[in-house]
Amino acid sequence: MKNLQKLTLFASLIVVLWSCNDAIDIEQPGRLGAEQAFQSVADLQLGLLGSYATLDATPQIQFNSVFTDELSIGFDSGGQGIGNGEYGFILNPGSAASTAQWTNFYASLNSFNRLIEAAALITPADADEQAQLNEILGQVHGLRAYINLLIVTYFSTDYTDDGALAGILIDFVPTVDQLLPRSTNGEFYSLIEADLNLAQSLLTTQSDPIVVSQDFITFMRLRMAIFRQQYPAADALAQQLIPRYPLANRAQYQGIFTDADNTGIIFEMQRVLNDRYDGQGATGSGFAGGWAGANYAFVNGTIDGSPYFEIGRSLFDLLDPADIRFDVNVNNTSIISPDINAAEDFRSEDILVVGKYPGDPASQPLLNDLKIFRAAELVLYRAEAAAAAGNINGAANSTAAFLKELRDARFGTDQPLPMFANATEAFGAILDERRIEFAFEGYRWVDLKRMGERGGRGILREALDCAINGACSLPATDFRFTLPVPIVETNANPDIQQNPGF
Amino acid sequence: MKSKLSWLITPLLALFMSFSYGQGKTISGNVTDQNGLPLPGVSIVVVGTNNGTQTDFDGNFALTASVGQTLRFTYLGQKTENRVVGASNTINVQMEEDAETLDEVVVQGYRTATKETSSIASSTVSSETIVNRPNASVVQTLSGQVAGLNITAASGQPGAAPRVTLRGVGSINGNTDPLYVIDGIPVDAQAFRSLGNNDIESISVLKDAGATAIYGNRGANGVVVIKTRNGSFNQKLSISYSGLLQFTSLVDNGEYELNNSQEQLLLEREFGNGRGVGLTDAEIAGFTTTDYPNFFFDTGLTQQHTVNLSSGSENATQFTSLGFRDEEGILSASSLQRFNYRTNVTGRTSDDKFSYGANLAVNYSQSDEPNAIGTGGINRNIVLAAFQSVPYISPDEYTNGAALLSPLSFANTPLFIIDLLNTFSREENELQILGSFNADYKLYKDLTARVVLSGEFRDQIRTTVEGPTSFNALLFAGGRDPSGFQTQSIDRQFTYNQVTSLNYNKTFGKHTIDGGAYVEYFRGFFQNFGFQQFGLTPALLSPGDGDAFIADNPNDDLFVDTVFANRLETGLFSYFFQGDWDYDTRFGVTGTIRRDASFRFAESNRFGTFGSVSGRWNIDKESWFDDNAFDVLKLRGSWGVTGNQNIAITAPAGLAFDAPDLTRDLFTTGVGQGGANSLFLNQIGNNTLRWEATEQIDIGVDFEVFQSKLRGSVDVYQRTTTDLFLASPVSSINAVTQLNTNTGEIENRGVDLTLNYDILRSNKAGGLNLTLNFVGNFNEQEVIDLPTDDGRLLLGGGIALEEGGRLSEYFLVRYAGVNPANGNLLFLTADGEVTENPNVDTDRVFLGKNLTPDFQGSFGFDFSYKGWFATTQWNYVIGVDRIDNDLAGFLNPNNIGQFRTSRDLERAFTPDNRITDIPSLTAQNLALSGNSDRFLQSADFLRLRFATIGYDFPSQFLEGTGISNLRIFAQGENILTFTPWRGFDPEVINTFNPAQSRLFPTPRVFAFGLEVGF
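Residue numbers (our numbering), protein chains in the order written: chain A, 120 to 621; chain B, 12 to 1025.
Pulled out of the complex, with its shape left as it was, chain A reads as follows (with noise of 0.2 Å):
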């Protein structure tokens, strides 16, 4: 009997256990669900400034510096570049540079869309409300123009031709299983200019450089009419937003690259201390994601900051220590040789720090802003539509006269007004002027890409410089000018179309 009773006892004991589940549902503390995470315009907000901190140019800069003629070996060097073969000219569906576009802009794009989806469902309370609503969805809408523009630079074939493939278009949240294939140009040129229509609709901020603005969705416009050739319209674009953005002094220009100015900036990512990207991200790698800085050098941007790449000799002989740019573009505390030829050990006796990206010595090094919109790229678009419509010499409104007033403000004095004997010479100078003003910004792969022909030129190195491996030139038209379709899609999508070449 006495045993009867404990059996029982026992037995009601694992029925009590039986029915424990407070070991399987286990909500982990501080979890979010995605269906809680936005429920008012003020968790907009949060969720924009989130988008914002998508956004990042660093693998741009990355990508156009070691891929093209801005950069030399270091000698602080410990492989970059070299090991994974971007500085040979290596691009492949495996390499960082195309998988690290892709998967940033689709990752941009995917929070941008759920923003939207999101705002959708939340009615405002009241007008503020409605008002912080309409100008929260009109900068989501000019960034996601700004990214489609991006894939259409970076995996289209030719920016000019409406048929030709970007990437895939996407203006909504996908579920994991989707798999679209690549839409033409034409399609993302629709879905771009129906984004900013819609941004300048909702938009009332005219100009602020670290938010999109109406200002912003011009430069949009602009760029977007540069890119496909449409020159008179671009021309005009370009008019509106001239006198609002003037081009900076001297000392305004270096105030610009030490963030302590923000003269001619249209829009810029902002990077502040302890922050996303405050961190030396991927050193050498295409990837990036740190100090923009850092894509040069480990510690700061000077020689003592190990710098594992130097400027391209064939940049630094464009530059003219009379120009600002000179002083922008080199560290003072660079090592020139007289004559590099002569040099006993290259790598040593000749050391060119870059020196754009110095960041904040007294804080933080090399961390800075990253400059996406600026006022120089206005003259240099007009002097582009002046060589496209044939103005290309005289004293006013021709690609001589553009260039000029770039130099004289970059010199600080009267500089000769250039002669061209033909287009050719006009677009490669505007190709050379645009090299050292943004160098290390970003751009020189997708200016060669887009009027290296027209304009002569292509990747040209220092033979010193590619002594290494050899790789010293190649020619504008090379498949290598459109980024591959990853293979990090392709895996997942195997029937998407890849580009030609690879």
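It is possible that some hints are incorrect.
[What the hints assert, rightly or not] Here are the simulated distance ranges between beta carbons:
1. Asn140/A x Asp676/B: 20 to 26 Å
2. Gly509/A x Pro418/B: 51 to 57 Å
3. Thr125/B x Thr294/A: 53 to 59 Å
4. Asp676/B x Gln617/A: 28 to 34 Å
[What the hints assert, rightly or not] Some chain A residues judged to face chain B by a derived CB distance under 10 Å, without partners named:
5. Gln155
6. Ile192
7. Ile287
8. Asp296
9. Leu486
10. Pro603
11. Ile606
12. Val607
13. Asn612
Calculated from the structure, these hints are not laboratory results. Here a beta-carbon is modelled for each residue, glycine too, at the ideal position from N, C-alpha and C.
Given chain A, work out where chain B should sit, using these hints.
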């Protein structure tokens, strides 16, 4: 069985009888063993009373008892005998050896069986092969001892957890460690750093599904059941001490032919990069060569002391152990110190209805653990400096960190690291408490209720300090003055496990039935918190102390601290049944079924069902199977399905807490634009998540032949893992490029073989004994199914999967030597044509090689004669291929001027030396070598893993000294290695990043020890 039954019934009878008989008389007698020799110390009690005695030195005893009372004779290793007092005043007893205790008890998971009635595939390693082995981690000691258990060292760091796989690799992304259970406490591989080895009585490795299905979705990778020692009933207090003194050193197996200073400088001069440029021959001759491998690696001294006290009375036993180990690693700044305390007690009621045991171990360890090992951090990785430093830079050039800032030269690597050793510390303190309690109560004579409650508490404090005057601190100071940082991270975890069961055991004639119903409940709590403080005042600096912290100034925010905290919970709930039927110890069948629920799959697949059936046929028990050489012949077979719920390794917290809610779409907050707080997606959920399932078939034979001189077992198995948790590629439009899903299938097939052969066997004490041992496993893997359309899945690092191929196979462009025309590298295209410019994507081929051995195991001998004993264990591993990136570095011309290179470069192509295996130093396609198999090398090895020689002093020497036994011994580990691998240690590998080089090699150990018993 008969005696057991009467033993069960006796208490009731005795209680009843004692009322009838009251007259006591003196009973005397003599107790002998099976050979007729007197047995001293046999415990004799009058059952049901406190009356008892022990036999004297000659086996004689005398005590008072009444007619009809029962005397119980117990002695360790002998069968318990009961005698009812009758008319005679003399009772002489000859005891029999107890096969059940001497023939090892086979752990079956939640129960035990005898060797004969066990139908599972398992191996047991006894304490003799564990105690005093000179490894801090007992898991490391198992290397080579169990057929099918592959143990790969991850690091030479004292106490580092090795990677353990059983019978091939059963998972790709999930955890492949077996489940470890210490005295009923489930723990992970990290639990052994602080655990004392000498407390362990036995380790059983459960291998087939018949054994592991009872562990449900934790059993797929095998189960390692560890029992710690207990005292014996009726045992006098025995005290023993053992001490170990060991010397560890770098195995100087590096066959890289590294340059000395002169060779290095001449090469630099010739190549035009580095300090050698511009030096005269005389200047070069003046440099000395610093042996950096032996500068940063040094002989380590280790001492270990253990004191054990064990005793037992009629109804209680205790075992207490105190241990201390102080180990210096061979690498600078690596060490382990630990203190262990353990008490195990057991008790029972005198009617044996209720028994219990309680185990408590408190372990504390403190280790210095260098980080960044394996990385390319020239300012962080001490191993890199040891291997790659140019030999002409002398350690004497070091003054302080500031002096290294300008010019910042990579060649100064050794000086960076010398500075690191002076200014950086990384220390881990761990407190571990392991406790378990078990109790059995016999509800009826056949029915027992049992409960096992157990828990592990672990508290780990990791303190990292970078001194403000260090090179690294100054280098990354930015505007901070002083710079430097201190990071402290505290992990605390508690896991609780409870098993409640009812067990039924009954014999009907020749049939014995044993069954159990179980409920298991597991719960775990993890908490992490810590901070990183930037800015330390040099004068006040002390690791772990905050007095040196510099407060933030809001004007510049240079000293903003980072704080972090994390909490995780885990849980499992299961119920299961096991039934075992035995017929006359000739046949037996065991069936297991388990329903298992894991918190990990609560929202997708709540309960999983696992189970197994196993059977045996003890052929040697058949009457017709006499008159042959076989003493034992048993055929076993099992089939079953187990699961692996540890499908992903995501959190630093450890397995139990990994991947806590992969089923959910999650957002989180973090730094957004301009440093503002923001909200973003951080996880896309998978709502079909489930465990990985492994189906295993095993057929085995256990045998003993020639008077049991040759003993062994052979098992053939096939393990098929389905629902493999693999990264399935998804389109980038999802913001990720892969999502882990349960898809894919792999198979491991193989043979386990264990053989022991007594060449010489003596029946006398002190006779000559020599036994040869062999342990072997052959395993092959095949990828059956993958989630991609083309049947391939790239895993990165030159490794991929292909249906029909091997697991994690190398997928690289084939290197084909040097072009005699220009010194460039030659490769093969996918079609086998020679080219200088292969397509690094499409010209890759599967090479049929991987990291998992085909054959591995050990062989050796055990020898004893007149107190002398010796053991050797040679481990062998065949079929392992690794990319030697250390070699790649030593042959990389881009390293000339910065790092040490190999003499092999002297053979480099020049127009005068066209036929060579080393490409031109300026080869134009050198970058492609990293995409090829140029540095893929065999890492097979044969290694004298362990050897010991020692002497047990005979008891006559010890008489009158108060010492009951005395043993001295010397031993060694990793004494000799034969391998084609050119690196320092073929065994050390980062299995998560197999191409990683600059790893911390395992040391060679020589140890001297002493054991004294009182």
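Status of each hint after checking the structure:
Between Asn140/A and Asp676/B the CB atoms are about 23 Å apart, so this pair conforms to the stated range of 20 to 26 Å. Between Gly509/A and Pro418/B the C-beta distance comes to about 53 Å, which sits within the given range of 51 to 57 Å. Taking 53 to 59 Å as the suggested C-beta distance range, the pair Thr125/B and Thr294/A conforms, at roughly 57 Å. Range check, Asp676/B to Gln617/A: about 31 Å between beta-carbon atoms, so the 28 to 34 Å window is met.
Checking Gln155/A against chain B by beta carbon gives a least distance of about 8 Å; that is within 10 Å, so the hint holds. Contact between Ile192/A and chain B, as hinted, is supported at the beta carbon level, the nearest pair being about 8 Å apart and thus within 10 Å. Interface hint status for Ile287/A: upheld, as the beta-carbon distance to the closest one in chain B is roughly 6 Å, under 10 Å. Of the supplied interface hints, the one on Asp296/A holds, with its beta-carbon coming within about 8 Å of a beta-carbon of chain B, less than 10 Å.
The interface hint given for Leu486/A holds, since its Cβ lies 9 Å from the closest Cβ of chain B, which is under the 10 Å cut-off. A cut of 10 Å between beta carbons decides the hint on Pro603/A: the least distance to chain B is about 9 Å, and the hint holds. Hint status for Ile606/A: holds, given a least beta-carbon distance of 7 Å to chain B, under 10 Å. Annotation: interface hint on Val607/A holds; nearest CB of chain B at approximately 4 Å, less than 10 Å.
Below 10 Å, beta-carbon pairs count as interface contacts, and Asn612/A has one with chain B at about 5 Å; its hint therefore holds.
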